[in-house]
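Asker: Whenever a hint applies, use it, and build me the whole structure from the sequences.
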Amino acid sequence: PPMMPPNAMPSFPPANITTEQIQKYLDENKKLILAILDNQNLGKLAECAQYQAQLQKNLMYLAAIADAQPQMATVPTQMTPHPGMQQGAYYMQQQAAAMAQQQGVFPPRMPAQFS
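Here the sequence shown stands for residues 1 to 115, where the numbers follow full-length UniProt numbering.
A few of these clues could be false.
Claimed, not checked - The calculated DSBU-like cross-link candidates involving lysine-lysine, where the alpha carbons are at most 35 Å apart (straight line), are:
#1 K30 to K57
#2 K24 to K57
#3 K44 to K30
#4 K44 to K31
#5 K24 to K44
Said to hold, decoys possible - Label pairs and their in silico Cβ distance ranges:
#6 A64 to D38: 24 to 30 Å
#7 K31 to A66: 19 to 25 Å
#8 A49 to L26: 19 to 25 Å
Hints listed in this document are in silico derivations from the structure and should not be mistaken for laboratory results.
Remember, predicted model here, so these are calculated numbers, not experimental data.
Ideal Cβ placement from N, Cα and C applies to all residues, glycine included.
Answerer: Set out below in structure tokens:
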């Protein structure tokens with residue numbers, strides 16, 4: 001999938017970011033998640049780590065945007081994530097935790113924590 005250069009992202013989110021710009025990040029994140037899963041199935045852990053780092057950056061950026069927004073009582077309907085994406089994110093968490101365990105980065109965790 002096409003990747004943005006790491007320096008393309010401003011260090012802080014602009015106040016006037018558009019829904020289209022946010023959607024671009026969401027679309028890229030979806031591609032990153034799929035790329036991570038593909039590479040994981042192929043056993044290419046270096047590529048996984050690279051895509052995960054980019055995904056993490058994007059998520060941090062989107063979180064910063066969300067934090068910068070004034071709190072609204074209603075959420076626009078087009079912003080609700082696709083149910084499949086939520087599931088994908090859940091599996092990504094599972095996969096990332098499993099990978100971290102394999103690599104010995106984190107102490108082993110009980111799967112019950114994810115339920």
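Asker: Does the structure break any of the earlier hints, and which numbers would those be?
Answerer: Violated hints: none; all satisfied.
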